[in-house]
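Protein sequence lines correspond, in order, to chains A and B.
At position 122 of the first sequence the residue is numbered 123 (the working numbering), and the sequence of numbers has no breaks.
At position 89 of the second sequence the residue is numbered 90 (the working numbering), and the sequence of numbers has no breaks.
Heads up, a few of these hints could be off.
Put simply, identical chains are the same to the list, so a pair is met inside one copy or across any two.
[Said to hold, decoys possible] For lysine to aspartate or glutamate, the following DMTMM-like pairs were computed, each having C-alpha atoms within a straight-line distance of at most 25 angstroms:
no., residue 1, residue 2
1, 282, 199
2, 9, 108
3, 9, 65
4, 46, 220
5, 244, 170
6, 9, 132
7, 164, 107
8, 164, 108
9, 133, 65
10, 282, 93
11, 133, 228
12, 163, 108
13, 133, 144
14, 244, 108
15, 9, 20
Because the hints were derived from the structure by calculation, they are not lab data.
Here are the chains, one letter per residue:
Protein chains: 2
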Amino acid sequence: MDFTVTLKHHVARVETGLDRHLPAAGTRPARLHAAMRYSLQAGGKRLRPVLVLATAEVCGGMADAALPAAMAIECLHTYSLIHDDLPCMDNDDLRRGRPTVHRQFDEATALLAGDALLTHAFALLAENYPDKLAAALVRELADAAGSRRLIGGQMEDLLAEKKTDTTTEELEFIHLNKTAAMIEAALVMGGLIGGANEGSIAALRRAGRHLGLAFQIIDDILDATADTATLGKTAGKDAKAGKATFVRLHGLEKSRQLAEEHSTAALTALASLPGDAGFLKALVESMSRRVS
Amino acid sequence: MDFTVTLKHHVARVETGLDRHLPAAGTRPARLHAAMRYSLQAGGKRLRPVLVLATAEVCGGMADAALPAAMAIECLHTYSLIHDDLPCMDNDDLRRGRPTVHRQFDEATALLAGDALLTHAFALLAENYPDKLAAALVRELADAAGSRRLIGGQMEDLLAEKKTDTTTEELEFIHLNKTAAMIEAALVMGGLIGGANEGSIAALRRAGRHLGLAFQIIDDILDATADTATLGKTAGKDAKAGKATFVRLHGLEKSRQLAEEHSTAALTALASLPGDAGFLKALVESMSRRVS
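Assemble the whole structure, with the sequences as input and the hints as a guide.
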């Protein structure tokens with residue numbers, strides 16, 4: 002099937018799934034559940050959940066079976082954005098072209114909505130899969146989202162803001178964990194649901210790591226070159242905050258080259274899968290094209 | 002064995018377990034892991050983890066097997082305290098006689114340390130139990146800690162602060178979820194680990210609900226009657242914040258009576274367990290004595 006059509010199918014599945022796999026809109030306390038839905042239903046590329054669905058299919062599973070895990074990944078990603086946007090963190094007013102949760106509601110509600118989405122991610126996994134698979138999925142997500150990975154990356158990102166001599170090694174630690182960890186988890190969770198063997202899981206982990214780094218470098222390039230309307234979030238913010246980015250450390254030219262290298266490495270890892278990784282590869286290529 | 006001796010044994014197990022079941026102190030990022038340890042190692046009664054250990058024993062299991070789950074419950078409880086203390090929530094400077102995490106570190110670190118402890122709770126369950134038990138424990142904890150229970154209770158608690166006409170029904174919703182949910186989860190998780198049958202799990206759930214309400218009412222009574230030094234946290238804060246409490250709604254006399262009723266109901270539920278619930282019953286009784 003055509004890449005764009007398949008992508009639309011997957012995204013549509015995700016949008017429908019979000020409604021079905023969240024507590025109903027009027028659930029008590031209504032304000033909390035409204036904030037959870039507001040943040041999750043703000044659109045976005047849905048990259049991570051689409052990766053879960055597509056990877057499950059490549060590995061021989063059904064996309065529908067992967068839907069709760071895809072929702073879990075999106076809940077987790079959304080919680081991290083909500084908390085990241087808070088005044089004590091990035092203090093951002095705009096996300097995907099709309100007021101951030103603490104601007105639309107208030108800080109306390111945003112804090113709790115984030116906590117609730119994080120918790121809901123684990124509930125979705127434990128409630129929708131057979132015990133053995135559920136336990137493996139929880140282990141994967143908890144590890145990727147934990148203090149050594151996603152949250153560790155956010156912490157080092159904050160610490161890096163306060164200094165001017167962030168090294169390449171530190172920047173890579175930040176992005177490997179703040180960005181790549183969840184993309185890696187999306188691919189691995191899709192693989193686990195599709196019944197991938199150990200070799201394929203290792204290949205997916207490698208692909209996720211490179212895809213995550215490529216994705217972050219592309220994000221840095223876009224932050225430096227695109228405008229706020231195109232991004233749907235405040236552009237040039239990283240540079241203004243004096244944040245260490247790939248562009249700041251390596252310049253635009255070298256950053257484009259690095260993005261290309263990581264994309265190629267991701268494609269190579271995906272090519273080693275026994276199934277037809279055509280859609281996944283097209284997805285990686287479409288990302289690279291945004292900045293090439 | 003004597004109640005006080007057994008309690009000391011359990012608490013010592015918890016203190017040792019906390020060190021063993023957290024990422025090592027120097028783990029990168031060191032600041033994040035220091036904040037997690039700072040908050041967890043602040044002492045406290047360790048009521049919830051002790052309940053997990055003791056209940057597992059009553060139901061025929063070994064307390065040691067219940068240790069990771071006890072740690073999970075304490076990580077989860079501690080995350081909720083860290084986030085609850087933040088400026089956008091209760092804005093508290095003191096917790097267990099020491100500066101709160103955001104006062105000792107900073108707001109962003111406190112936010113992330115809370116997120117990390119919440120995530121770590123699920124990792125502990127998924128990594129330390131056989132798949133079937135792990136999945137059941139994750140389901141129990143995610144439900145108790147989710148948007149309809151723990152976080153829902155915190156949300157309604159915040160909303161109640163802004164109005165003067167909180168009803169008895171609303172107050173009960175808050176405390177059933179903000180406090181009783183995690184105490185119920187502690188008992189049920191202990192039961193699951195100990196291999197309790199359905200009838201015993203139902204009895205533990207009932208006991209947890211009543212014990213949680215008794216505990217919260219006792220907390221309200223102490224907030225109104227004890228001083229800051231005794232409490233290790235700012236006394237009279239609820240009254241000053243205009244918060245709805247049992248004491249405010251029912252007066253001291255009636256609150257003492259309610260606490261007594263819920264303690265008795267918890268004892269009755271515990272008495273229906275096939276095992277020797279002597280220690281658990283003594284624990285409930287020692288709590289009641291604090292305000293009688």
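We went through each hint and held it up to the structure:
Taking the shortest alpha-carbon separations for residue 282 and residue 199, only the intra-copy value of 21 angstroms comes in at or below 25 angstroms, while the best inter-copy value is 49 angstroms. In this assembly of identical chains, residue 9 and residue 108 lie within 25 angstroms of each other by CA distance neither inside one copy nor across copies; the values are 34 angstroms within and 40 angstroms between. When the C-alpha separation of residue 9 and residue 65 is checked against a cutoff of 25 angstroms, the pair qualifies only within one copy, where the shortest distance is 15 angstroms, while the shortest distance between copies is 50 angstroms. Taking the closest pair of Cα atoms, residue 46 and residue 220 come within 25 angstroms of each other only inside a single copy of the chain (13 angstroms); across copies the shortest separation is 47 angstroms, beyond that limit.
For the identical chains of this complex, residue 244 and residue 170 are intra-copy neighbours only, at 15 angstroms inside a copy versus 49 angstroms across copies, given an alpha-carbon limit of 25 angstroms. In this assembly of identical chains, residue 9 and residue 132 lie within 25 angstroms of each other by CA distance neither inside one copy nor across copies; the values are 31 angstroms within and 35 angstroms between. For the identical chains of this complex, residue 164 and residue 107 are inter-copy neighbours only, at 17 angstroms across copies versus 30 angstroms inside a copy, given an alpha-carbon limit of 25 angstroms. Taking the shortest alpha-carbon separations for residue 164 and residue 108, only the inter-copy value of 18 angstroms comes in at or below 25 angstroms, while the best intra-copy value is 27 angstroms.
Proximity of residue 133 to residue 65 under the C-alpha cut-off of 25 angstroms is found in both arrangements, the shortest distances being 19 angstroms within a copy and 23 angstroms between copies. In this homomeric assembly, residue 282 and residue 93 never come within 25 angstroms of each other (Cα to Cα): the closest approach is 33 angstroms inside a single copy and 51 angstroms across copies. Taking identical chains as interchangeable, the C-alpha atoms of residue 133 and residue 228 are never at most 25 angstroms apart, the minima being 46 angstroms within one chain and 50 angstroms between chains. For the identical chains of this complex, residue 163 and residue 108 are neighbours both inside a copy (24 angstroms) and across copies (15 angstroms), given an alpha-carbon limit of 25 angstroms.
In this assembly of identical chains, the alpha carbons of residue 133 and residue 144 lie at most 25 angstroms apart whether taken from the same copy (17 angstroms) or from different copies (19 angstroms). For the homomeric pair residue 244 and residue 108, the shortest alpha-carbon distances inside one copy (24 angstroms) and between copies (19 angstroms) are both at most 25 angstroms. Taking the shortest alpha-carbon separations for residue 9 and residue 20, only the intra-copy value of 17 angstroms comes in at or below 25 angstroms, while the best inter-copy value is 48 angstroms.
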